[in-house]
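> If you read the protein sequences in the order shown, they are chains A and B.
Going by the working numbering, the residue at position 283 of the first sequence is 283; the numbering climbs one at a time, nothing skipped.
Going by the working numbering, the residue at position 286 of the second sequence is 286; the numbering climbs one at a time, nothing skipped.
Think of the hints as simulated: they come from the structure by calculation, not from any bench.
Some clues are possibly wrong.
Since the list gives no way to pick one copy over another, a pair counts as held whenever it fits inside one copy or between any two copies.
In the DSS-like style, the derived pairs of lysine-lysine whose C-alpha atoms are separated by at most 30 Å in a straight line are [stated by the list, open to error]:
id, residue 1, residue 2
1, 153, 185
2, 361, 336
3, 361, 185
4, 365, 248
5, 76, 154
6, 335, 153
7, 335, 101
There are 2 protein chains.
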Amino acid sequence: MYSRRKFLLQISSSAALMSAFPITKSFSEVMSNSYDGPVLRVALLGLGSYATRVANAMQSCTRAKLVGAVSGTPQKLKDWQSKFNIPEKNCYSYDTFDQIKNNPDIDAVYVITPNSLHRPFALRAASAGKHVICEKPLALNAKEGQEMVDACKKANVKLLVGYRMHFEPKTLEIIRQRNVGTFGKILYFNGQTGFTIGDPSQWRLNKELAGGGAMMDIGIYSINGARYMIGEEPTWVTAQETKTDPAKFKEGVDETILFQLGFPSGAVASCLSTYAMSNLDRFFLNGTKGFAELKPSTGYGPIEGRTSSGELNFLHVTHQTVQMDEMASVILENKKPIVPVDGEEGVKDMKIIDAIYKAVKSGKKETLSL
Amino acid sequence: MYSRRKFLLQISSSAALMSAFPITKSFSEVMSNSYDGPVLRVALLGLGSYATRVANAMQSCTRAKLVGAVSGTPQKLKDWQSKFNIPEKNCYSYDTFDQIKNNPDIDAVYVITPNSLHRPFALRAASAGKHVICEKPLALNAKEGQEMVDACKKANVKLLVGYRMHFEPKTLEIIRQRNVGTFGKILYFNGQTGFTIGDPSQWRLNKELAGGGAMMDIGIYSINGARYMIGEEPTWVTAQETKTDPAKFKEGVDETILFQLGFPSGAVASCLSTYAMSNLDRFFLNGTKGFAELKPSTGYGPIEGRTSSGELNFLHVTHQTVQMDEMASVILENKKPIVPVDGEEGVKDMKIIDAIYKAVKSGKKETLSL
Chain A
1 MYSRRKFLLQ
11 ISSSAALMSA
21 FPITKSFSEV
31 MSNSYDGPVL
41 RVALLGLGSY
51 ATRVANAMQS
61 CTRAKLVGAV
71 SGTPQKLKDW
81 QSKFNIPEKN
91 CYSYDTFDQI
101 KNNPDIDAVY
111 VITPNSLHRP
121 FALRAASAGK
131 HVICEKPLAL
141 NAKEGQEMVD
151 ACKKANVKLL
161 VGYRMHFEPK
171 TLEIIRQRNV
181 GTFGKILYFN
191 GQTGFTIGDP
201 SQWRLNKELA
211 GGGAMMDIGI
221 YSINGARYMI
231 GEEPTWVTAQ
241 ETKTDPAKFK
251 EGVDETILFQ
261 LGFPSGAVAS
271 CLSTYAMSNL
281 DRFFLNGTKG
291 FAELKPSTGY
301 GPIEGRTSSG
311 ELNFLHVTHQ
321 TVQMDEMASV
331 ILENKKPIVP
341 VDGEEGVKDM
351 KIIDAIYKAV
361 KSGKKETLSL
Chain B
1 MYSRRKFLLQ
11 ISSSAALMSA
21 FPITKSFSEV
31 MSNSYDGPVL
41 RVALLGLGSY
51 ATRVANAMQS
61 CTRAKLVGAV
71 SGTPQKLKDW
81 QSKFNIPEKN
91 CYSYDTFDQI
101 KNNPDIDAVY
111 VITPNSLHRP
121 FALRAASAGK
131 HVICEKPLAL
141 NAKEGQEMVD
151 ACKKANVKLL
161 VGYRMHFEPK
171 TLEIIRQRNV
181 GTFGKILYFN
191 GQTGFTIGDP
201 SQWRLNKELA
211 GGGAMMDIGI
221 YSINGARYMI
231 GEEPTWVTAQ
241 ETKTDPAKFK
251 EGVDETILFQ
261 LGFPSGAVAS
271 CLSTYAMSNL
281 DRFFLNGTKG
291 FAELKPSTGY
301 GPIEGRTSSG
311 ELNFLHVTHQ
321 TVQMDEMASV
331 ILENKKPIVP
341 VDGEEGVKDM
351 KIIDAIYKAV
361 KSGKKETLSL
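Here chain A stands alone, though its shape is the one from the complex (with noise of 0.2 Å):
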């Protein structure tokens, strides 16, 4: 993932890096790729383009390694076989998955299908005894979520949610920050997050795969950035919806939501949503004594952090490079990270999603219980 020189020259430039480190990896490992510990060896299913970032960030893992496959579409299968090095033996078809439970050469499967696949998937992948990483949203709704989460839990193997903000260095010292008091008490929240969704026949605009709109793939890190960069959980929400394009936007599918969170400290969250507007990703937080932002604060590429006192200076690291690694240390070592990314917190943000449509429905403030 870095090269010796660009290492030694970027740490230089951050007094901080060092606290931040331990939650990617360790300045040994990173030095000399002398890593000898266990290795969450992992098999992805659902071949997209989201798969295949995540299996290119892979190639950089210490303790996750990408050696199975799971998909839908034979030639997928024989691509990822050459291109990622992965055994013939270790690649199956949707009807043929089930018979992972007899392949002993991997330990967990990370589902990246659409939304309204990820429960059947989970629980056939929990029954073959794998762990289980799931794309959020974890689910189409709460109680969906649920039955992943007692499912896992039966068949005594992990179920992770791939939350891969909740890894992210810059992230994790703004919470750091505010823990050691350095924004004072808090009390304001703004999650901006959308971008312009292109091609109307995706997925992610078909109610009946995506389970909603922008929320379930966008709006759902204004959520969960909420909670995390607040460190509380939300006891009632509102929310606002606008549509200016149903044709491209039909019944169930949400272009444009904003929604407003309240903690038990009296801190709030405000929000915004959307499928129809680029310019966004950014989170804003305020206490009474300085702020933290991050902009961009979700996308792929560099995040950008600052507060009252100044530019966050951190090595730019690889989403999903983190997360995997640090997902292995989860699963295998049973770690615990300082953002929670097990099923019962994709099950949190799934009941505050649920919540936010009975909101926009009711026109009314609605009490969550998390």
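Fit chain B to the given chain A structure using the hints.
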């Protein structure tokens, strides 16, 4: 206001300058101080810190002139006479104020008192046949504001609201770009206005005098900002209040309110009004083709602005100087400003404030009819 040298230095850095310039002063006015047109002769009423700021700014005015003062404190009148060269015959106490009707050397009274006194003093000034400029908020509520509009109409005098941002060059440049389609279809405005208020005994935290809390004072900037940045009138509002310091912010005095406005085009505004945080003062306007940001957006100091195309390099102006010169033209020459500053404009904002307070209580979407 500008030195010739500074002006020439700055003009070279801004290709867009000339298009904005007509809203401040004509080139020849600045360069020669040769203005010999009509001058609005103004008395300030309520000689607190903001009036002092206005009086200082008016020293650089061309078309408006500070000629009178009205105060309940005799010593302040003495101080102002010497400091601002105001003749004693143009000074009034609150008791003698109505005699201003017999003074042919004063054209207008600028009311800069606690909010609850705006209406009575505006009515008295109108009865005396003087034009009225009233600090924002126009009144304690829309009903009061409408009475003021009606009284001034009946007295055949003009009523303006002290909306200094309505003449701010970067703000107006963004409005110009929006009007020519630079940002595409406008979809979103985010206004964050607030500051940490000090002395708990001040009139701004007294319900009787202020009529409310942060919303009346600083939230109103986000309200009229949403309207002039989006360029439409909102049709609904929702609002959520939070209060973390009920000892400081008593019943009827709002500390922090989130509010949302919906517009006929489908655009939405999401705003924060607070007396409990600093590090705010940001306007963000987003459309399908680009964005505009003002940060700071409403403070007294230099406003800084940028769009998708880069920084807005404009002259920094003293807001109150430009405001008073422009208001002179509005009053004396019937000039129509790009963003209105008349009493009706003030009433619209009061209607929205009324609806925000109503929405906080009802927890529902309140319909607006401006």
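> State whether the alpha carbon distance between residue 153 and residue 185 is at most 30 Å within one copy, between copies, both, or neither.
Answer is neither; intra-copy 37 Å and inter-copy 49 Å both fail.
> One pair to classify: residue 365 and residue 248, alpha carbons no more than 30 Å apart. Within, between, both, or neither?
This pair counts as both: shortest intra-copy Cα distance 28 Å, inter-copy 26 Å.
> At most 30 Å between alpha carbons: which applies to residue 335 and residue 101, within, between, both or neither?
Within one copy only: 25 Å inside a chain, 80 Å across chains, cut-off 30 Å.
> Quick one: residue 76 to residue 154, C-alpha cut-off 30 Å, is that within a copy, between copies, both, or neither?
Answer is neither: 32 Å inside a copy and 79 Å across each miss the 30 Å cutoff.
> Is the C-alpha distance from residue 361 to residue 185 at most 30 Å within one copy, between copies, in both cases, or in neither?
between (33 Å within a copy, 26 Å between copies)
> Is the C-alpha distance from residue 335 to residue 153 at most 30 Å within one copy, between copies, in both cases, or in neither?
within (17 Å within a copy, 73 Å between copies)
> If the cutoff is 30 Å on CA atoms, where do residue 361 and residue 336 land: within, between, both or neither? Let me know, please.
Neither way: residue 361 and residue 336 sit 38 Å apart in one copy and 42 Å across, limit 30 Å.
Figure legend: structure checked against the earlier numbered hints; hints not met, in rising order: 1, 2, 5.
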